[in-house]
Amino acid sequence: SIISGEIDSPKSKSIAIRILFSSLLKDITLKENVPTSLDVIYTYDSIIKLGVRVDDKRLIKPNRINLLNNKFYAGGSATLARILSSIALTIGGDIIIDGNETLRNRPFDGLEKISNSTGVKISGTKLPIRIYGKPKSNEIFLSEIESSQYVTGLIYGLLAKGGGEIIIDKNPPSLYYILLTIDTLNNIGCNVSYNDNIINVGKCNEKEISLSFPGDYLLSSFYGISSILTGGEIKIKGLYSPPNYFGDHSIVNILSEIGFKSIVSGTTWIVSNSNPIKNLYVDIEETPDIAMSLAPLGMIINLNINNIKILKIKESNRIESIKNIIEGFGGRVRINDNSIELYPNVIRYAETDCFNDHRVAMMASTIAFIKGGKIRNAECVNKSDPDYWHRYYNVGGRLKVE
1 SIISGEIDSP KSKSIAIRIL FSSLLKDITL KENVPTSLDV IYTYDSIIKL
51 GVRVDDKRLI KPNRINLLNN KFYAGGSATL ARILSSIALT IGGDIIIDGN
101 ETLRNRPFDG LEKISNSTGV KISGTKLPIR IYGKPKSNEI FLSEIESSQY
151 VTGLIYGLLA KGGGEIIIDK NPPSLYYILL TIDTLNNIGC NVSYNDNIIN
201 VGKCNEKEIS LSFPGDYLLS SFYGISSILT GGEIKIKGLY SPPNYFGDHS
251 IVNILSEIGF KSIVSGTTWI VSNSNPIKNL YVDIEETPDI AMSLAPLGMI
301 INLNINNIKI LKIKESNRIE SIKNIIEGFG GRVRINDNSI ELYPNVIRYA
351 ETDCFNDHRV AMMASTIAFI KGGKIRNAEC VNKSDPDYWH RYYNVGGRLK
401 VE
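For the sequence shown, position 204 (counting from the first letter as 1) is numbered 204 according to our numbering, and the numbering increases by one without interruption.
In case anyone wonders, no lab produced these hints; they're calculated from the structure. All C-beta atoms, glycine included, are put in the ideal place defined by N, C-alpha and C. Errors might be hidden in some of the hints.
[Unchecked claim] In silico lysine-lysine, DSBU-like type, Cα no more than 30 Å apart, as pairs:
{"#": "1", "residue 1": "Lys121", "residue 2": "Lys203"}
{"#": "2", "residue 1": "Lys312", "residue 2": "Lys126"}
{"#": "3", "residue 1": "Lys237", "residue 2": "Lys203"}
[Said to hold, decoys possible] Using C-beta positions, here's what the derived DEER-type ranges look like:
{"#": "4", "residue 1": "Tyr343", "residue 2": "Asp8", "range": "31 to 39 Å"}
{"#": "5", "residue 1": "Asn253", "residue 2": "Glu402", "range": "46 to 54 Å"}
{"#": "6", "residue 1": "Asn338", "residue 2": "Asn105", "range": "38 to 46 Å"}
{"#": "7", "residue 1": "Tyr240", "residue 2": "Glu101", "range": "29 to 37 Å"}
{"#": "8", "residue 1": "Asn66", "residue 2": "Lys126", "range": "23 to 31 Å"}
{"#": "9", "residue 1": "Ile48", "residue 2": "Ser274", "range": "43 to 51 Å"}
{"#": "10", "residue 1": "Asn377", "residue 2": "Lys126", "range": "32 to 40 Å"}
{"#": "11", "residue 1": "Glu206", "residue 2": "Pro344", "range": "52 to 60 Å"}
Hey, can you work out the whole structure from these sequences and the hints?
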C-alpha cells in the first residue's frame with residue numbers, strides 16, 4: 001500500500017482525560033462528543049462516580065468529590081488509575097480502584113511514596129488497591145516518582161482542596177505530561193506553576209468554559225510514518241498548535257531534522273517521504289511513547305533510542321516489543337543497558353501479536369504496509385483509537401479486519 005491522502009487526526013486520549021478530570025474543578029461545556037477510546041470512556045464513568053453531573057454536553061462540578069465508600073474500575077488504563085489514586089491520596093477518603101488483568105499485573109509502586117508523604121494509607125501496590133484515611137498536609141514531598149501521571153493526580157487533588165505545593169527531589173520522568181497538565185489547567189482558568197521541580201498549586205476561577213477535544217500528535221504519527229515508509233504524502237487535520245517545550249508534538253521537528261517533509265500549517269500536519277539526510281539519535285525520557293512512533297524508521301535509517309528503561313512498565317515491555325516487531329519484519333536490533341539501536345535490513349512479511357498493547361499494533365502496522373503482515377488481536381487499538389484501522393481505508397491502506 002501507499003499511504004497518501006487526508007484524514008482527521010485521532011483525538012488526544014491524554015488531553016481528553018485531563019479535560020474530563022477538570023470537571024471536578026469547574027463547570028465545562030463540551031463542544032463535541034466525548035471520544036470513544038476505552039481509556040476515555042472509563043475516565044468518563046469515573047468522574048460521574050466522583051459526583052460530576054451531566055446535562056446534555058455540560059459537565060457540572062460536584063459540590064463535594066465522592067471519595068467515600070466508592071469503587072472505581074479503570075479497565076486497562078494506567079493513566080486513569082494513577083491520576084485517580086493520586087487524587088484520593090491528596091484529598092483522602094475510602095475507595096477501591098481495580099482494573100483488568102493486564103492492569104492488575106502492572107506495578108503501582110509510586111503510590112507508596114505518595115502515601116508516605118500525604119499520610120493517606122494504601123492496601124498495596126497492585127490492583128485492586130484500597131486507599132483510605134485523611135491527609136496530613138497540603139505540601140507533598142516526593143524523593144522520586146516513576147510516572148508523571150501520579151503528579152498530574154496530585155495537582156488535581158490540591159486544586160480541589162484550594163491549593164498546595166509539590167516538591168520533587170529528582171527530575172520527574174515524562175516531564176512533558178506534567179507540563180501538558182499544567183497548560184491544560186491554566187488554559188481553563190486555574191493557577192498552577194512549575195519551577196525547579198517545585199509545583200505551586202493555587203485555585204481555579206469559577207467561570208464556566210467551553211472546550212473541544214484536540215487531535216493527538218503521536219496517534220497521528222503512525223499515519224505519518226506509514227506515508228514515509230510507503231512513499232506517500234499525508235495531511236492530518238485537527239491538531240493543536242505545538243507548544244515550545246519538548247513533547248509528543250516534537251515528532252514534527254524530529255522528522256524534519258532528519259530530512260523528511262514534516263511541517264505544521266495551522267492545525268494540519270503534512271508528512272511525506274524524501275531522502276533522509278542523517279541517522280537519528282533520540283532521548284525519550286520526557287516523552288517515552290514517542291519511541292513506538294519512531295521505531296519503524298529503524299527499517300530505513302540507523303536509529304538509536306536512549307533512556308528506554310521506563311518502557312519496561314508500559315502496557316507491554318516495550319523494549320522487548322520493539323525488538324520482536326522490528327526483527328520479525330527483517331530489521332536488526334541491539335539492546336544496551338538503557339538504549340536500543342535499530343539498523344535497516346531486507347524488509348519482509350511478518351505475523352505478530354500486539355501483546356495487549358495498542359501502540360505495538362500501531363507500530364507494527366506502519367511497517368506491515370510495506371511488504372504485508374498480519375497483526376493478531378488487532379482490536380487492542382481500541383484502548384486509544386477505535387477508528388485506527390478504518391482511518392487507513394481513507395488513505396490507501398489495503399487491509400482486512402477479521
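Numbers of the earlier hints that this structure fails to satisfy, in rising order:
3, 5, 6, 10
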